[in-house]
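Residue numbers (the numbering used here), protein chains in the order written: chain W, 76 to 316; chain E, 38 to 597.
Just so you know, not all the hints are guaranteed correct.
List time: in silico EDC-like cross-link candidates among lysine to aspartate or glutamate, alpha-carbon distance up to 16 Å [as the list claims (entries may be wrong)]: (1) K236(W) to D514(E); (2) K228(W) to E432(E); (3) K513(E) to E144(W); (4) K306(W) to D44(E); (5) K306(W) to D209(E); (6) K230(E) to D209(E); (7) K195(W) to E177(W); (8) K474(E) to E134(E); (9) K476(E) to D127(E); (10) K386(E) to E309(W); (11) K75(E) to D122(E); (12) K162(W) to D138(W); (13) K128(E) to E105(E); (14) K310(W) to D209(E); (15) K310(W) to D385(E); (16) K235(W) to D514(E); (17) K162(W) to D192(W); (18) K75(E) to D441(E); (19) K386(E) to D300(W); (20) K162(W) to E144(W); (21) K386(E) to D311(W); (22) K329(E) to D44(E); (23) K162(W) to E432(E); (24) K205(W) to D137(W); (25) K329(E) to D586(E); (26) K306(W) to D384(E); (27) K306(W) to D441(E); (28) K228(W) to E283(W); (29) K128(E) to D475(E); (30) K88(E) to E294(W); (31) K88(E) to E283(W); (32) K88(E) to D127(E); (33) K310(W) to E134(E); (34) K220(W) to D514(E); (35) K193(E) to D209(E); (36) K473(E) to D127(E); (37) K513(E) to D384(E); (38) K310(W) to D441(E); (39) K438(E) to E294(W); (40) K233(E) to D122(E).
To be clear, the hints were calculated from the coordinates, so they are not data collected in a lab.
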Amino acid sequence: MTENDTMTQISNELSADLISRREAILRMSVLLGGVALIGSGALISGCRAEKTGTVGEPFTADDIAYLDEIADTILPTTSTPGAKAAKTGAFMALMVTDTYHEDDDKTFRDGMRKLDDLSKQKNGGASFMKATPAQRLALLQELDKEQHDYSEKQRAEGRKKSDAVISSASQQNAPEAKINPATQMSDPPNKYFRMMKELALLGYFTSEVGATQALRYVESPGRYDPCVPYKPGEKDWASHA
Amino acid sequence: MQKPEYDAIVVGSGISGGWAAKELTEKGLRVLMLERGKNIEHITGYVNATKAPWEYPHRGGRTRAMEELYPVLKRDYPLNETNLDYWASDKDSPYTEVKRFDWFRGYHVGGRSLMWGRQSYRWSDFDFEANAKDGIAIDWPIRYADLAPWYDHVEKHAGINGSHEGMPQLPDGQFLPAMPLNCGEQLVSDRLKKSKFGAARRIIPGRSANLTVAHDGRGQCQYRNACWLGCPYGAYFSTQSSTLPHAAKTGRLTLLPFQIVSEVLYDPNTKRASGVRALDANSNETIDYKAKVVFLCASTINTAWLLMRSATNVWPGGLGSTSGELGHNLMDHHFRAGAQGRLEGLDDKTIFGRRPNGFYIPRYQNLFGDKRQYLRGFGYQGGAGREDWGRAVSELGVGAKFKDDMSTPGAWNIGATAFAEMLPNHANTVTIDQSKKDKWGMPVVKIDCATGENEAMMRRDMQVDMAETLQACGVKDVQVYDAGSFPGMGIHEMGTARMGRDPKTSVLNSHNQVWDAPNVFVTDGSCMASTACQNPSLTYMAMTARAADYAVNALNRREL
Numbered sequence: 076m077t078e079n080d081t082m083t084q085i086s087n088e089l090s091a092d093l094i095s096r097r098e099a100i101l102r103m104s105v106l107l108g109g110v111a112l113i114g115s116g117a118l119i120s121g122c123r124a125e126k127t128g129t130v131g132e133p134f135t136a137d138d139i140a141y142l143d144e145i146a147d148t149i150l151p152t153t154s155t156p157g158a159k160a161a162k163t164g165a166f167m168a169l170m171v172t173d174t175y176h177e178d179d180d181k182t183f184r185d186g187m188r189k190l191d192d193l194s195k196q197k198n199g200g201a202s203f204m205k206a207t208p209a210q211r212l213a214l215l216q217e218l219d220k221e222q223h224d225y226s227e228k229q230r231a232e233g234r235k236k237s238d239a240v241i242s243s244a245s246q247q248n249a250p251e252a253k254i255n256p257a258t259q260m261s262d263p264p265n266k267y268f269r270m271m272k273e274l275a276l277l278g279y280f281t282s283e284v285g286a287t288q289a290l291r292y293v294e295s296p297g298r299y300d301p302c303v304p305y306k307p308g309e310k311d312w313a314s315h316a
Numbered sequence: 038m039q040k041p042e043y044d045a046i047v048v049g050s051g052i053s054g055g056w057a058a059k060e061l062t063e064k065g066l067r068v069l070m071l072e073r074g075k076n077i078e079h080i081t082g083y084v085n086a087t088k089a090p091w092e093y094p095h096r097g098g099r100t101r102a103m104e105e106l107y108p109v110l111k112r113d114y115p116l117n118e119t120n121l122d123y124w125a126s127d128k129d130s131p132y133t134e135v136k137r138f139d140w141f142r143g144y145h146v147g148g149r150s151l152m153w154g155r156q157s158y159r160w161s162d163f164d165f166e167a168n169a170k171d172g173i174a175i176d177w178p179i180r181y182a183d184l185a186p187w188y189d190h191v192e193k194h195a196g197i198n199g200s201h202e203g204m205p206q207l208p209d210g211q212f213l214p215a216m217p218l219n220c221g222e223q224l225v226s227d228r229l230k231k232s233k234f235g236a237a238r239r240i241i242p243g244r245s246a247n248l249t250v251a252h253d254g255r256g257q258c259q260y261r262n263a264c265w266l267g268c269p270y271g272a273y274f275s276t277q278s279s280t281l282p283h284a285a286k287t288g289r290l291t292l293l294p295f296q297i298v299s300e301v302l303y304d305p306n307t308k309r310a311s312g313v314r315a316l317d318a319n320s321n322e323t324i325d326y327k328a329k330v331v332f333l334c335a336s337t338i339n340t341a342w343l344l345m346r347s348a349t350n351v352w353p354g355g356l357g358s359t360s361g362e363l364g365h366n367l368m369d370h371h372f373r374a375g376a377q378g379r380l381e382g383l384d385d386k387t388i389f390g391r392r393p394n395g396f397y398i399p400r401y402q403n404l405f406g407d408k409r410q411y412l413r414g415f416g417y418q419g420g421a422g423r424e425d426w427g428r429a430v431s432e433l434g435v436g437a438k439f440k441d442d443m444s445t446p447g448a449w450n451i452g453a454t455a456f457a458e459m460l461p462n463h464a465n466t467v468t469i470d471q472s473k474k475d476k477w478g479m480p481v482v483k484i485d486c487a488t489g490e491n492e493a494m495m496r497r498d499m500q501v502d503m504a505e506t507l508q509a510c511g512v513k514d515v516q517v518y519d520a521g522s523f524p525g526m527g528i529h530e531m532g533t534a535r536m537g538r539d540p541k542t543s544v545l546n547s548h549n550q551v552w553d554a555p556n557v558f559v560t561d562g563s564c565m566a567s568t569a570c571q572n573p574s575l576t577y578m579a580m581t582a583r584a585a586d587y588a589v590n591a592l593n594r595r596e597l
């Protein structure tokens with residue numbers, strides 16, 4: 076998935092925990108932080124080349140253990156259980172197998188190998204599984220910095236485009252504001268890491284462990300309090316399915 | 038095969054069909070309601086209504102297999118794991134798109150009343166007079182005064198929450214208590230009143246068909262925000278929760294699912310419809326049903342299809358085609374453009390409960406001295422709230438502190454998307470594609486529809502007006518967006534059998550009767566002569582109740 080402004084809007088609207096008409100509209104309107112799911116097919120036609128076909132060998136138990144460690148490095152045990160306890164690795168594997176299109180599936184699996192290679196290169200031949208927790212964290216922090224720099228650049232471009240539309244309004248005979256084309260933009264560096272981070276977050280925070288322990292889940296709130304005090308550090312509320 | 042005769046047949050069981058069945062049975066008629074799809078029982082049929090997010094294997098997302106089965110539905114939010122059963126199969130019921138038209142359908146008892154957005158706004162005379170004033174298409178044959186008592190009637194029964202605002206372009210109604218603005222929205226609303234836009238632009242609580250108090254034997258909203266799964270409390274208006282139980286209670290309703298009505302039976306001697314012909318979706322048996330009155334509530338595109346297939350021995354273009362307007366003037370709202378930004382100063386506040394509603398900014402363009410380069414205008418629907426964990430992807434961070442930070446709410450954001458009027462255009466059509474057949478061997482519809490210059494001209498203002506509004510209220514990092522809008526995406530199809538004053542230019546008269554067959558009433562979105570910018574469902578309800586009242590009186594006067 077590309078990361079320009081338009082697509083962020085669209086994919087926010089389609090983030091996995093949002094599926095009502097009302098919510099879709101709200102999500103489009105307000106960046107509440109929906110996950111832009113790479114390759115999950117949560118994509119408007121025209122946004123990407125459509126590919127179907129055989130994808131998705133099942134992941135092995137070793138693969139899942141590896142994904143668990145990646146997820147648990149991103150979301151470790153703190154005062155609340157970590158990603159491994161929420162079986163996030165198995166969720167990531169399922170999502171890649173069932174929802175990713177061929178090119179993204181390949182990117183993800185190649186990425187698992189690349190990450191291992193990177194670990195070996197940096198950690199004296201130790202694979203990700205063999206690396207120490209500190210080494211794993213350092214590795215992912217580096218990849219995360221790359222994806223974050225890229226995101227910031229994309230955000231800045233989005234802002235520039237938005238400012239141009241806003242300022243065009245005050246000009247006489249300003250050119251018609253064009254529908255932001257859902258153009259394909261270059262992939263982020265190490266896109267596979269962004270995929271892993273997304274799936275780990277989605278898998279964890281929508282799991283029973285994540286929703287009920289890291290967050291607070293109330294199936295049926297029973298009332299609406301439009302404005303209540305909030306103290307720093309208090310957990311967020313999880314959303315309904 | 039011939040079945041017993043009824044007083045009235047209602048084709049379709051969505052918002053309009055449910056109201057037709059309720060009103061007609063309560064006024065003493067024996068009613069047969071025909072639904073093309075399966076039945077979904079109230080409460081027991083809402084199989085996912087109380088599932089937790091983690092009970093969905095893909096957490097509510099979509100798989101490649103689903104995408105292959107639903108090539109149209111996948112274009113937008115409806116394709117997902119949580120309520121796929123409520124959406125019609127693209128494979129069983131294909132259609133032909135000359136230009137892209139996203140047709141999202143609900144083929145089951147209740148239709149899209151189960152999945153609708155529930156936003157409920159009255160139209161005003163600015164809307165009903167617009168065509169005449171602008172010289173666009175044809176004049177509406179009714180005015181607000183004709184519909185006002187029927188808005189009262191349907192609101193009292195359906196249960197619409199809202200606040201009294203006294204705005205002439207958005208008349209107040211018979212409201213249940215409003216769902217209040219949250220602190221972010223209230224702050225911006227207060228600032229807006231004091232801003233340079235304060236006279237024209239107002240942020241008010243959204244008006245929705247969710248019960249803020251128990252009503253008509255239905256439970257009040259529990260603020261789960263899971264309406265689209267079906268509500269176990271019956272706390273939002275749907276056919277199942279609201280109209281069907283009342284129709285059934287009379288003992289005069291017969292509801293038959295799996296009956297695909299394929300034509301209206303027309304008798305040239307009496308110049309009346311005698312009933313309808315239906316195909317049983319399971320047995321493929323053809324069945325004729327007879328009645329004195331027929332209400333077509335099959336939804337805009339399917340009602341046009343049905344009329345075009347009827348009485349073709351008399352009129353080759355079908356029943357209601359003499360004006361040359363049947364199947365023309367297909368419209369939808371265009372939307373998905375607006376602005377959003379970050380709201381400061383409320384970090385010590387949050388929200389409890391999940392409100393299935395937001396705020397609304399009623400239309401102000403081309404009203405009260407505001408003049409634009411285009412005709413008509415748009416309203417905004419939006420909301421404010423704190424960012425959730427979803428922000429974490431783009432944030433810098435992995436590890437313990439990151440995880441704990443992302444478990445707490447983020448910044449307050451506020452934003453809105455415009456819902457804009459689309460002008461009627463004779464060139465936007467629904468026709469029958471004889472070359473393609475559905476699962477039951479019936480020819481499918483061909484849709485040829487596009488927005489025009491007037492709509493295109495609005496889209497910059499839809500973005501920039503919201504940006505200016507937010508900036509005037511101290512909102513930071515304001516950004517506009519236009520995610521693009523294709524006809525159909527609004528799921529507000531209208532106009533294919535418009536009402537009018539003259540049989541030469543309209544399909545229906547002022548009481549929704551087909552000019553050429555006065556015992557055929559059309560009260561779904563197809564009757565609309567313009568779209569306004571407000572969500573249309575409440576108007577379908579009022580229109581249907583009004584037409585049902587007229588039909589029963591006319592029957593009693595032996596006019597039909």
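Here is what the structure says about each hint:
no.	hint	in the structure
1	K236(W) to D514(E)	holds, 13 Å
2	K228(W) to E432(E)	holds, 13 Å
3	K513(E) to E144(W)	violated, 39 Å
4	K306(W) to D44(E)	violated, 63 Å
5	K306(W) to D209(E)	violated, 38 Å
6	K230(E) to D209(E)	violated, 19 Å
7	K195(W) to E177(W)	violated, 27 Å
8	K474(E) to E134(E)	holds, 14 Å
9	K476(E) to D127(E)	holds, 10 Å
10	K386(E) to E309(W)	holds, 11 Å
11	K75(E) to D122(E)	holds, 10 Å
12	K162(W) to D138(W)	holds, 13 Å
13	K128(E) to E105(E)	holds, 9 Å
14	K310(W) to D209(E)	violated, 39 Å
15	K310(W) to D385(E)	holds, 13 Å
16	K235(W) to D514(E)	holds, 11 Å
17	K162(W) to D192(W)	violated, 25 Å
18	K75(E) to D441(E)	violated, 46 Å
19	K386(E) to D300(W)	holds, 11 Å
20	K162(W) to E144(W)	holds, 10 Å
21	K386(E) to D311(W)	holds, 12 Å
22	K329(E) to D44(E)	holds, 5 Å
23	K162(W) to E432(E)	violated, 23 Å
24	K205(W) to D137(W)	holds, 13 Å
25	K329(E) to D586(E)	holds, 15 Å
26	K306(W) to D384(E)	holds, 8 Å
27	K306(W) to D441(E)	holds, 14 Å
28	K228(W) to E283(W)	violated, 35 Å
29	K128(E) to D475(E)	holds, 8 Å
30	K88(E) to E294(W)	holds, 9 Å
31	K88(E) to E283(W)	holds, 12 Å
32	K88(E) to D127(E)	violated, 26 Å
33	K310(W) to E134(E)	violated, 48 Å
34	K220(W) to D514(E)	violated, 23 Å
35	K193(E) to D209(E)	holds, 13 Å
36	K473(E) to D127(E)	holds, 13 Å
37	K513(E) to D384(E)	holds, 14 Å
38	K310(W) to D441(E)	holds, 9 Å
39	K438(E) to E294(W)	violated, 27 Å
40	K233(E) to D122(E)	violated, 48 Å
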